[in-house]
Amino acid sequence: MLTVFLQFLFSGLTVGSVYALVGIGFNIIYNATSIINLAQGEFVVIGGLLMWFFTESLKLPFLLSAVLTILSAGLIGLLMERLTIKPLKNADLLLMIMITIAVSIVLRGILMFNFGKDPYVYPPFTEGEPLSIYGAIIQQQTLWVIGITGLCIILLFLFFNKTIVGKAMLACAVNPTAAKLVGINVSRMVMLSFILSAVVGAIGGMAITPISLMEYDKGPMLAVKGFCAAIMGGLGSNRGAVIGGFIIGILESMTAGYIHSGLKDAVALVILLLILFFKPAGIFVSKTMLQLRKF
Amino acid sequence: MKKGDSLVFFIFIFLIGLLPVLSGSTYIMTVGVFAGINALVAIGLCILMGYAGQISLGQAGFYGIGAYVSAVLSLHFGLPVVVSLILAMVVAAMVAVILAVPALRLKGHYLAVATLGFGEIIYIILNEWGPGGPSGFGDIPHFSLLGYTITSTTGYFYLIWGLVAVVMIFSLNLIHSRTGRALRAIHDSELASNAMGLDVVELKIKVFILSAVYASLAGGLYAHYITFISPSSFSLFYSILVLMMVIVGGITNLWGAIIGAVVITVLPELLRRFEEFDVLVYGLILTLSLMFFRKGLVPILVEKIKKLRGLAVVKH
Chain A
1 MLTVFLQFLF
11 SGLTVGSVYA
21 LVGIGFNIIY
31 NATSIINLAQ
41 GEFVVIGGLL
51 MWFFTESLKL
61 PFLLSAVLTI
71 LSAGLIGLLM
81 ERLTIKPLKN
91 ADLLLMIMIT
101 IAVSIVLRGI
111 LMFNFGKDPY
121 VYPPFTEGEP
131 LSIYGAIIQQ
141 QTLWVIGITG
151 LCIILLFLFF
161 NKTIVGKAML
171 ACAVNPTAAK
181 LVGINVSRMV
191 MLSFILSAVV
201 GAIGGMAITP
211 ISLMEYDKGP
221 MLAVKGFCAA
231 IMGGLGSNRG
241 AVIGGFIIGI
251 LESMTAGYIH
261 SGLKDAVALV
271 ILLLILFFKP
281 AGIFVSKTML
291 QLRKF
Chain B
296 MKKGDSLVFF
306 IFIFLIGLLP
316 VLSGSTYIMT
326 VGVFAGINAL
336 VAIGLCILMG
346 YAGQISLGQA
356 GFYGIGAYVS
366 AVLSLHFGLP
376 VVVSLILAMV
386 VAAMVAVILA
396 VPALRLKGHY
406 LAVATLGFGE
416 IIYIILNEWG
426 PGGPSGFGDI
436 PHFSLLGYTI
446 TSTTGYFYLI
456 WGLVAVVMIF
466 SLNLIHSRTG
476 RALRAIHDSE
486 LASNAMGLDV
496 VELKIKVFIL
506 SAVYASLAGG
516 LYAHYITFIS
526 PSSFSLFYSI
536 LVLMMVIVGG
546 ITNLWGAIIG
556 AVVITVLPEL
566 LRRFEEFDVL
576 VYGLILTLSL
586 MFFRKGLVPI
596 LVEKIKKLRG
606 LAVVKH
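These protein sequences, in sequence, are chains A and B. Each step along the first sequence adds one to the number in the numbering used here, with nothing skipped, and position 261 is 261. Each step along the second sequence adds one to the number in the numbering used here, with nothing skipped, and position 246 is 541.
The hints are simulated quantities; they were obtained by calculation from the structure and are not laboratory data. These numbers come from a predicted model, not from an experiment. Glycine is no exception: its CB is placed at the ideal position from the N, C-alpha and C atoms. A couple of the hints might just be wrong.
[To be verified] DMTMM-like, lysine to aspartate or glutamate: derived pairs with alpha carbons at most 25 Å apart: (1) B:Lys501 / B:Glu485; (2) B:Lys402 / B:Glu497; (3) A:Lys279 / B:Asp494; (4) B:Lys599 / A:Asp92; (5) A:Lys117 / A:Asp217; (6) B:Lys590 / A:Asp92; (7) A:Lys117 / B:Asp573; (8) A:Lys117 / B:Glu564; (9) A:Lys89 / B:Asp483; (10) B:Lys601 / A:Asp92; (11) A:Lys279 / B:Glu497; (12) A:Lys117 / A:Glu215; (13) A:Lys264 / B:Glu423; (14) B:Lys590 / B:Asp483; (15) A:Lys89 / B:Glu598; (16) A:Lys279 / B:Glu485; (17) B:Lys402 / A:Asp92.
[Said to hold, decoys possible] Derived contacts from chain B toward chain A, CB cut-off under 8 Å, selection only: (18) Leu401; (19) Ile416; (20) Asn422; (21) Ile542; (22) Phe572; (23) Tyr577; (24) Gly578; (25) Leu581; (26) Thr582.
This is chain B alone, in the form it adopts within the complex:
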């Protein structure tokens, strides 16, 4: 990790620890749990889009695979939750390989529509062949490790944000490593990266798998937290929501994914008071933020701080 990241990371851990102490309200904790789950998916998509330059409109598919595989394995096959979560990630990774090999040859709109199609197919499969069909199923076991079962929302808050922290350390180290530099090179020019001797295709597939694994982990945690799942949580709308998180937060900064996830998760809660207007207000806020904070919240904030320090080195 770089110096700046370590400081931000410290503040981040501090905030996670502090929030449940400041407010024990189950409502705020629940929103916090969802924000954390969304952050896991958003971090994966952020690496894929911001660092490898590949778009995906199918993250809901991997999120759904994670939730369903882990739920079914632990409920119907009696596997320990930790084992079922890991197996769910393995399944998602295998599906990602099968999808990535042909899909990542595509670019721009074509990759977007291919991943979108994949997400919708998973959604239809869950509806048709998932346990309980469109109405879903319940009684999914809670998360447990070494004989200790987590049932409280605060417990899940610590578990999920703890995992967000672990994923964040791993991802920050990844993007500042040799692989991360290679990814950014691909983002800027695939042709040049190829000429430099990088295996562009292999790297793209690896990142795609990573983003799928993060999404499936989030899906599994969601299933064990809620203990009831139905296909409607894994529709195209969720993929678009995650895309919004990454873009609102700032595609070029991994912290942006977390900030975006929190903002997009909390926003509908704040808009409850508008009742029938909520969809409209939500849409307007998104439109305006896309138009006026084009680079995303975090990169803009970083620029402001740099300017304040008199380091007006603004990268474009």
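Next comes chain A alone, as it looks inside the complex:
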């Protein structure tokens, strides 16, 4: 009993980590711009597929591949912001959401053209025997996924709370006009938010691919789940997104394991609807904070 439970728990934590990273990606851009970037899932796919390209196709060393993947993802985030978001300054919020959907279709088209429709996989980061806790088998890559997610969260926390650039980005989130008045370059912060969220997404994709494989059209479902995570914890709260991501991941794997695998997506969505209807601010954002927001 315990063995099976632990097994489900760990597989839930693994997918939950990626949902958490996607959710954080949503938050970073939302905080700086009030935009929901629905191309967020594509960043995860880009991370996984580019990592495959550098390590398996070009046979580059692991660390160099990882750095190149992160740099490329950042560049794609930068291009997306400069080419589509910046020219549309002050456009209707709905149009902004639509443009991110359109960009995600373009990205999927590029990925399909370069990688085809097959799933890709590469070896785990470290070779070695899986661990066993009370009989539950835990692959080393699972620990990598959870560890890397944890590291990202800590680094982002330090960035937003201890560095001047991070604090400037938070200031843009609180009040862009006031931020501009104290000399913060808001446009550059928006650009930075897209780079950062592309990088966070790509790191998630790099880590999860050896476990769950990666194909060109995985983006939309990842975006939906990550969005659920962000909404569940309260849009804009990174702590909330992490906990939301883990809750959704664990519920999914428990449903798939104990009830029926076809229903795993439904359970997350039903809980999402219940939270929206009864506590729309999410678990970690107070009602007053919600009212202060534009959207």
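We have chain A; now place chain B onto it with these hints.
Same frame as chain A, now just chain B:
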């Protein structure tokens, strides 16, 4: 209907009548039927978004409810197709009420994600408990009325575009009525509308039901035309497609929904020749049209015509 609308409506009816005469090709007729089905869903979403200011990413859910309920009732319970279509619309309306009462208190992103979640839940239910599961089922009876059964694609073309015309008359009259003005007031400011004594919540729910009924009618017609349905036609992708139609056509003009539906339905057909590039080209065209024709095709066209006439009164 207003004067301008009557003229456009006349041209519209003329084009519908003319197209099958000009080209009897089954291929063009089939694309035309799909454009008409999509137009029905798009008109509903256009009223909801452009006039009531509420977003929905769950229209595929109502579209799917319409298709499945009407198909099952006519196939397994032997009801006449017209009766099953009407019952499908009733079911969709009831589901819309249940969803709308809590959901329409939400705004912006939250309403978007709630409707998206609803659409996905319907999609999962159809996959798990729908007849035939993920692979769907066939042998759905064709549309018939008073003993006459429609089987030809041209027949469906006239039926569906005829219904688009009826829905259009009803919708145009609605938005130019007292209710329509109230809706636009809600779009501009809910607080002010409330202060003016409008029952904002009730109106929003009514429009939401209307858009669900249009979508379920389209879904039912789709099922009886194709005679085979599977859940994959009712996924999130369809909801996004309808949203694209409304935005490309122009959210502030009901005719935009029809133009958008035709453009978005025909575009992938034209892109067939690009083969592997089609997704990429499709995405690029959408991105560019969103960036450069922000207001949508029809409102831009209307402005151009007004300018040509020397009436340069451009509303923002």
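Take a quick look at whether Lys264 (chain A) and Glu423 (chain B) sit within 25 Å of each other, Cα to Cα.
At roughly 11 Å apart (the allowed maximum being 25 Å), Glu423 (chain B) and Lys264 (chain A) satisfy the hint.
For Lys117 (chain A) and Asp217 (chain A), compute the direct alpha-carbon distance and say whether it is at most 25 Å.
Since the Cα atoms of Lys117 (chain A) and Asp217 (chain A) sit roughly 8 Å apart, the hinted pair holds (cutoff 25 Å).
Holds or violated: are the alpha carbons of Lys89 (chain A) and Asp483 (chain B) at most 25 Å from each other?
holds, 21 Å
May I ask you to test the interface hint for Tyr577 (chain B) with respect to chain A, counting a Cβ-Cβ separation under 8 Å as satisfied?
holds, 6 Å
Sort out whether Asp92 (chain A) lies within 25 Å of Lys599 (chain B), counting only the CA atoms.
Holds - the C-alpha atoms of Asp92 (chain A) and Lys599 (chain B) are around 22 Å apart, at most 25 Å.
Is Lys279 (chain A) close enough to Glu485 (chain B), meaning Cα to Cα at most 25 Å?
holds, 21 Å
Residue hint Ile542 (chain B), partner chain A, criterion CB-CB below 8 Å:
It holds, given that the least Cβ distance between Ile542 (chain B) and chain A is near 5 Å, below 8 Å.
Closer than 8 Å between Cβ atoms is the bar; does Ile416 (chain B) clear it against chain A? Give me holds or violated.
holds, 5 Å
Does the interface hint hold: is Thr582 (chain B) within less than 8 Å of chain A, judged Cβ to Cβ?
Interface hint status for Thr582 (chain B): holds (4 Å vs cutoff 8 Å).
Sort out whether Asp92 (chain A) lies within 25 Å of Lys590 (chain B), counting only the CA atoms.
holds, 10 Å
Hey, Lys89 (chain A) versus Glu598 (chain B), does the alpha-carbon distance stay inside 25 Å?
holds, 22 Å
Pair hint Lys402 (chain B) and Glu497 (chain B), alpha-carbon separation not exceeding 25 Å
Holds, at roughly 16 Å.
This entry satisfies every hint, going by the numbered hints stated previously.
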